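So the protein sequences, as listed, match chains A and B.
Residues in the first sequence are numbered from 858 upward in steps of one, following my numbering.
Residues in the second sequence are numbered from 7 upward in steps of one, following my numbering.
What the hints contain is simulated information worked out from the structure, not anything from laboratory work.
Remember, it's a predicted structure, so these values are computed and weren't measured experimentally.
Be aware that one or more of the hints could be misleading.
Unchecked claim - According to the in silico footprint, chain B covers these stretches of chain A (three or more CB under 8 Å from chain B):
(1) 878-888
(2) 965-971
Said to hold, decoys possible - Restraint-style ranges between C-beta atoms, simulated for each label pair:
(3) A:PRO896 with B:LYS62: 43 to 51 Å
(4) A:PRO896 with B:ASN33: 23 to 31 Å
(5) B:LEU52 with A:ASN910: 23 to 31 Å
(6) A:ARG872 with B:LYS62: 45 to 53 Å
(7) B:LYS115 with A:GLY873: 43 to 51 Å
(8) A:ARG872 with B:TYR57: 42 to 50 Å
For every residue, glycine included, the Cβ atom is placed at its ideal position computed from N, Cα and C.
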Amino acid sequence: NAGVMQNPRHLVRRRGQEARLRCSPMKGHSHVYWYRQLPEEGLKFMVYLQKENIIDESGMPKERFSAEFPKEGPSILRIQQVVRGDSAAYFCASSPRRDPALYEQYFGPGTRLTVT
Amino acid sequence: QKEVEQDPGPLSVPEGAIVSLNCTYSNSAFQYFMWYRQYSRKGPELLMYTYSSGNKEDGRFTAQVDKSSKYISLFIRDSQPSDSATYLCAMNTNAGKSTFGDGTTLTVKP
Chain A
858 NAGVMQNPRH LVRRRGQEAR LRCSPMKGHS HVYWYRQLPE EGLKFMVYLQ
908 KENIIDESGM PKERFSAEFP KEGPSILRIQ QVVRGDSAAY FCASSPRRDP
958 ALYEQYFGPG TRLTVT
Chain B
7 QKEVEQDPGP LSVPEGAIVS LNCTYSNSAF QYFMWYRQYS RKGPELLMYT
57 YSSGNKEDGR FTAQVDKSSK YISLFIRDSQ PSDSATYLCA MNTNAGKSTF
107 GDGTTLTVKP
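Only chain A is shown next, with the shape it has when bound in the complex:
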């Protein structure tokens, strides 16, 4: 019964490159959330997706960041033209699909992005 999987666990990119972070939710979960954690800070919501739909992207920076959760395959968080300020831990969480919705979220181990 695998948990939330994220890869890569560590990613180093030079300024201006693209970063692609992948997340596979727990089996049976169709809701995916992405959070960013800066050093010594709490988690900040970025985006909430269901299969093929972006439900809430209110926490996503307006430029350079995008996310998708295709019908098949993992959810992808893409950061174009990375800058040093993008260095952070990026966590994915998934939750089960139930009515009424239950909002407990199960987190993956995170991807630590370092921009040099």
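Chain A is already provided as a structure; the job is to place chain B on it using the hints.
Just chain B now, with coordinates in the frame of chain A:
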């Protein structure tokens, strides 16, 4: 002003002590309240999840929610060195996304 304020700590207690961790919030639309434990360089692990005001107990952990005061607490009884971690409170409206506190780092000394 942040929607969720968490006692910053750090907190250091001897083994066996009772630990109290606290958060306040300003958004009255929050309905779901969670506590997560996060070990260094790991993902957050869900500890407790509550919906209504009152207490919920799970082993050595008790979560308390007071919606009238917009205040939640996590109590850890008989604390162990293995409880040393950062504890995060989190809250949701019906919209799905969680709003987190900045975390309290706890050290339990043997």
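Exercise. Okay, PRO896 of chain A versus LYS62 of chain B on CB: inside 43 to 51 Å?
Worked result: violated (32 Å)
For this session: Count the residues of the region 878-888 of chain A whose CB lies closer than 8 Å to any CB of chain B, then report whether that count reaches three.
Result: Not satisfied, violated; 1 residues make the cut.
Problem set entry | Status of the given 23 to 31 Å range, CB of ASN33 of chain B versus CB of PRO896 of chain A | The hint (23 to 31 Å, Cβ to Cβ) holds, given that PRO896 of chain A and ASN33 of chain B are roughly 26 Å apart.
Exercise. Using the C-beta atoms of ARG872 of chain A and LYS62 of chain B, is the stated range 45 to 53 Å upheld?
Worked result: holds (47 Å)
Problem set entry | Distance restraint evaluation - ARG872 of chain A, TYR57 of chain B, Cβ atoms, bounds 42 to 50 Å | holds (45 Å)
For this session: Confirm or reject the claim that LEU52 of chain B and ASN910 of chain A have a C-beta distance inside 23 to 31 Å.
Result: Because 24 Å falls inside the window, the suggested range holds.
Problem set entry | Hint check for GLY873 of chain A and LYS115 of chain B - Cβ pair distance inside 43 to 51 Å | Roughly 46 Å apart at Cβ, these two residues keep to the hinted range, so it holds.
Problem set entry | Verdict on chain B covering the region 965-971 of chain A, where coverage means 3 or more residues with a C-beta closer than 8 Å | Held - the region 965-971 of chain A has 4 residues with a Cβ nearer than 8 Å to chain B, which meets the minimum of three.
Hint compliance for this structure: hints 1 and 3 are not met, and every other hint is.
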